[in-house]
Structures are given as C-alpha cells and as structure tokens.
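Chain by chain, the residues run as shown.
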Amino acid sequence: MEAFAHIWQPVVLTIELATITTLSLLVVATPLAWWLARSHSWWKEAVATVVSLPMVLPPTVLGFYLLIALGPDGPGGMVATLWGARTLAFTFTGLVIGSIFASMPFVVQPIRNAFAAMGDRPLEVAATLRASPTRAFWTVALPLASPGLLTGAVLGFAHTVGEFGVILMIGGNIPGRTRVMSTAIFDYVETMQWREANILAGGMVVFAFAVILSMILIEKRVSRARA
Amino acid sequence: MMMKLAMLAAALTALLSSFAGSAEAGQTNVAVAANFTEPAKEIAALFKQKTGNQAILIFGASGAFFTQITHDAPFHVFLSADQDRPKAAVEGGYAVPGSLFTYAIGKLVLWSKVIDVTKGDEALKAGAFLKLSIANPTAAPYGTAAIETMKALGVYDALKAKIVQGNSIAQAFQFVDTRNAEVGFVALSQLFGVTTGTRWLVPQDLYPPIRQDAVLLKKGENDEVAKAFLEFLKGPEARAIIEKFGYGLD
Chain A
1 MEAFAHIWQP
11 VVLTIELATI
21 TTLSLLVVAT
31 PLAWWLARSH
41 SWWKEAVATV
51 VSLPMVLPPT
61 VLGFYLLIAL
71 GPDGPGGMVA
81 TLWGARTLAF
91 TFTGLVIGSI
101 FASMPFVVQP
111 IRNAFAAMGD
121 RPLEVAATLR
131 ASPTRAFWTV
141 ALPLASPGLL
151 TGAVLGFAHT
161 VGEFGVILMI
171 GGNIPGRTRV
181 MSTAIFDYVE
191 TMQWREANIL
201 AGGMVVFAFA
211 VILSMILIEK
221 RVSRARA
Chain B
1 MMMKLAMLAA
11 ALTALLSSFA
21 GSAEAGQTNV
31 AVAANFTEPA
41 KEIAALFKQK
51 TGNQAILIFG
61 ASGAFFTQIT
71 HDAPFHVFLS
81 ADQDRPKAAV
91 EGGYAVPGSL
101 FTYAIGKLVL
111 WSKVIDVTKG
121 DEALKAGAFL
131 KLSIANPTAA
141 PYGTAAIETM
151 KALGVYDALK
161 AKIVQGNSIA
171 QAFQFVDTRN
181 AEVGFVALSQ
191 LFGVTTGTRW
201 LVPQDLYPPI
211 RQDAVLLKKG
221 ENDEVAKAFL
231 EFLKGPEARA
241 IIEKFGYGLD
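Chains as they are written, first to last, in my numbering: chain A, 1 to 227; chain B, 1 to 250.
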C-alpha cells in the first residue's frame with residue numbers, strides 16, 4: 001500500500017501542476033493572443049517569436065536560464081526573499097513558472113488563430129449595436145473563440161504533464177513538491193524499478209492517447225458546427 | 001552543376017576517410033561516474049598522448065549507466081562510483097569476470113558558498129540553511145554517503161525536509177555552485193581548483209568508504225583499446241592524477 005502512495009504522489013502533484021499552469025496560462029495567454037491577433041504593431045511578430053521559442057529550444061536551455069533566474073542572483077531569488085526563502089528553484093512555485101514559459105506557445109497559438117479567424121466583422125456588428133469594445137470582447141469575441149481556448153487549455157495541460165527537461169533541471173526531485181510523473185519515471189528507470197516505471201509510463205501513454213483523440217473529436221465537431 | 005557535384009563528392013570522400021582514420025587510431029567508449037569527470041578527462045588526454053588511442057568519455061550517474069549497460073549500451077569500460085554496480089554487471093553477464101578493480105576511493109565534502117561550513121558537523125546540527133543539496137541516493141553512491149553521514153551525526157530527521165536531490169553528483173554540485181542550495185554534499189574531486197566557499201572534509205568514520213570500481217564490459221571484451229585504457233588507469237601516471245584530485249588509492 002505504501003508503494004502505491006509512492007506512485008500516486010507524483011500523479012497528484014502532476015495534475016496539480018498542470019491545472020494551475022493551465023489556469024494561469026489562460027489568464028496570461030488570452031490577452032496576449034488577442035493583441036497578437038488584432039494589433040498592427042510592427043513588433044508583434046517579434047513578440048510572437050519569443051513566445052514560440054520554447055517549442056524549438058531544447059528544454060535544457062529553458063532549464064538553464066530558469067535555474068539562474070529563479071536563483072539567489074536572479075529576480076526569482078529577490079521575490080523569494082519576501083517570505084524568507086532564497087530561491088524559487090526546488091519549489092512548486094518555481095515549477096509553475098517554468099511550466100508557464102515552456103507551455104506558453106501551445107496555448108497562445110490556438111487562441112490567436114481563433115481570434116484571427118473570426119475577422120473584424122463580428123466586432124463591427126457588435127459596435128453598430130452599441131456594444132463597448134470590452135463588452136464585445138466578453139460577449140462576442142470570447143464565445144466565438146472558445147474552441148481555440150479549449151484547444152489551448154488541453155494542449156497546455158498536456159504539455160505541462162509531459163514536461164521533463166525543465167523540471168529535472170530546476171526541481172531537485174523533492175517528493176510531494178517537485179517530483180512529478182515524468183521525473184519519477186526517470187528515477188524508477190534509473191534504479192531498475194520496472195514495475196513502478198511501467199505503471200506510470202503506461203498511464204502516460206493512455207493519457208496522451210485520450211488527449212490527442214479528444215482534440216481530434218473537438219476539431220471535427222467544431223468544423224461540422226461551422227459548416 | 002557538375003562542379004558542385006564533384007565538390008560534394010570530394011567533401012564526402014574526405015569525411016568518410018576521416019572516419020576511417022579515427023577508427024584505425026582506435027577508440028573506446030568509457031562510461032564515467034560524474035564525480036570522476038575531471039580526472040577522467042586528464043587521464044584520457046594523457047592516454048591519447050601516450051598511445052594515440054582515444055577514450056571517448058560519457059559522464060553520468062552510476063545507476064543510470066548500469067540500467068543502460070543492461071540494455072545493450074555501446075560502452076566498453078565502466079568506471080562506477082561504487083562497487084555494487086560493477087559487481088552486478090559481472091554477475092548479470094554484462095562484464096568480464098576478473099577485470100574488476102578499485103581505481104579510486106572517493107571522499108565526501110560538505111561545501112557552501114553562502115555559510116561557513118568549516119566546522120561542518122556543527123553547521124549541520126545548527127541547520128541555519130534552507131536547502132541542502134545531495135546526489136540522488138538511489139542512483140549515486142555519493143548521495144547514499146551523504147545520508148549515512150547525516151544519520152551518523154543524528155541530524156538526518158531534522159534536515160530531511162531541506163534536502164534537494166541532484167540527478168547526479170554533478171547536479172548536486174551545480175545546485176550549490178549557483179547558490180540555489182546554500183550547502184551540499186559533493187565529491188572532493190569536484191572541488192579541485194575551486195577556491196570559493198568553505199568546505200568540510202567529512203571524516204571517513206561517518207560513512208562507509210566510497211570504493212569506486214572499474215570493470216571491462218562484455219562489449220569491450222575483444223577491444224584492445226578498452227583493455228589498454230584499463231591498464232593505463234592502473235598505472236603510475238593515472239594514479240598520480242587520481243591522487244591529485246583528492247581520491248584515496250588502494
């Protein structure tokens with residue numbers, strides 16, 4: 001039974017991490033995606049590129065810079081001093097920050113596409129009906145973009161669950177705090193605990209299958225609804 | 001177009017012959033426990049200088065290497081950070097019986113760039129730090145030694161919540177080096193040439209000796225370069241390097 005708790009703990013922690021990361025990302029990524037979709041600013045594509053970088057860079061690059069940034073010499077360390085700590089590395093908060101950066105492109109991209117796809121027309125119509133821009137955003141743009149938001153949320157959640165390199169580099173492998181599924185599997189494999197590794201890895205495969213399948217089904221339903 | 005093709009062909013030929021050339025000179029893949037990184041580099045450089053052969057070094061945690069070796073990793077020689085894994089490799093038929101020997105005896109050090117740990121036992125008992133970095137004890141013997149030390153001092157239970165684990169001793173070192181952890185148990189060899197921070201050489205009676213064994217793997221059984229490298233590792237020149245980095249010898 002204790003062995004079971006040993007396996008269960010990283011699962012719970014992973015779900016917590018992915019949930020908090022996804023919610024934070026929706027808050028951060030939605031306005032960013034809106035701006036990227038609507039703005040005519042010349043430097044918006046530069047911003048979009050920066051956001052997309054984690055998709056291309058190896059996680060070790062992100063992990064390396066995060067370790068420095070979260071540490072006592074970086075901004076993370078400065079924030080940590082507020083509650084008497086010295087670093088945000090090895091903390092759950094640190095993992096959330098790392099995951100937000102790592103998963104950002106997977107959330108921003110589909111939301112931006114959804115905002116861009118609706119075009120100016122619905123908002124113009126809303127304006128002629130005397131809706132303020134804010135009201136139009138909440139009552140017209142967001143509902144129209146909801147499939148994009150859903151796709152972004154699912155992808156962000158899934159990518160956070162799958163994140164490994166960044167967490168290995170900034171986590172410190174602390175049970176119940178920073179030891180998530182991907183690093184626990186790594187540990188089990190390294191120490192030849194095949195049974196535990198199998199349970200977690202098999203679970204991940206099933207999870208990933210369910211995510212991708214549901215994405216395909218959502219897309220189908222949306223395109224059918226539009227047709 | 002023809003010009004370009006001809007140039008490409010020439011480049012390819014040059015590339016292929018350079019591969020062939022390096023194969024002739026002889027090379028061998030050596031899996032090296034992370035704590036032995038620096039001495040291994042020096043020894044491999046000297047080995048190349050003396051014999052012309054190249055030892056390609058792969059660094060990592062001993063536990064990870066062992067798993068890889070049991071899964072057909074292309075390593076010819078294994079320099080472990082412990083005795084158990086080379087022994088298990090022989091027993092499991094992955095290594096050549098009789099090739100086993102202790103190449104170094106590791107020393108554990110408490111190191112800090114933030115607080116004064118020159119009196120390490122007192123610093124550990126005082127516990128005036130938030131994070132203590134060690135190597136993952138299930139994969140790296142230096143991690144086990146760190147835990148044994150804390151247990152011997154009677155501070156393990158008090159410090160348990162402050163422990164962060166590096167994936168290998170190299171990461172444990174890096175956590176202290178970046179000051180993300182104020183203190184950490186590292187290998188003395190890692191502190192060679194390091195002048196920053198304060199350190200405490202953990203007395204040998206607090207933890208079981210970290211005897212590090214080398215073994216010739218089955219993949220290297222017929223590899224003359226692998227055998228030569230192991231012989232070189234036993235020789236006086238290699239031993240001098242090993243001692244310089246603070247390891248004990250048999």
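Among the clues, some could well be false.
Residues on chain A that point at chain B, a partial pick, calculated with CB under 10 Å [to be verified]:
| no. | residue |
| --- | --- |
| 1 | H40 |
| 2 | W42 |
| 3 | P75 |
| 4 | G77 |
| 5 | V79 |
| 6 | S146 |
| 7 | I170 |
| 8 | N173 |
| 9 | V189 |
Over the 12 Å line for every Cβ pair with chain A, so calculated as not near, a few chain B residues [unchecked claim]:
| no. | residue |
| --- | --- |
| 10 | E182 |
| 11 | G193 |
| 12 | Q204 |
| 13 | K227 |
| 14 | P236 |
If you're looking for bench data, these hints aren't it; they were derived computationally from the structure.
Heads up, the beta-carbon is just placed ideally off N, CA and C, and yes, glycines get one too.
### Query
Hint by hint, which ones does the structure fall short of?
1, 2, 3, 5, 6, 10
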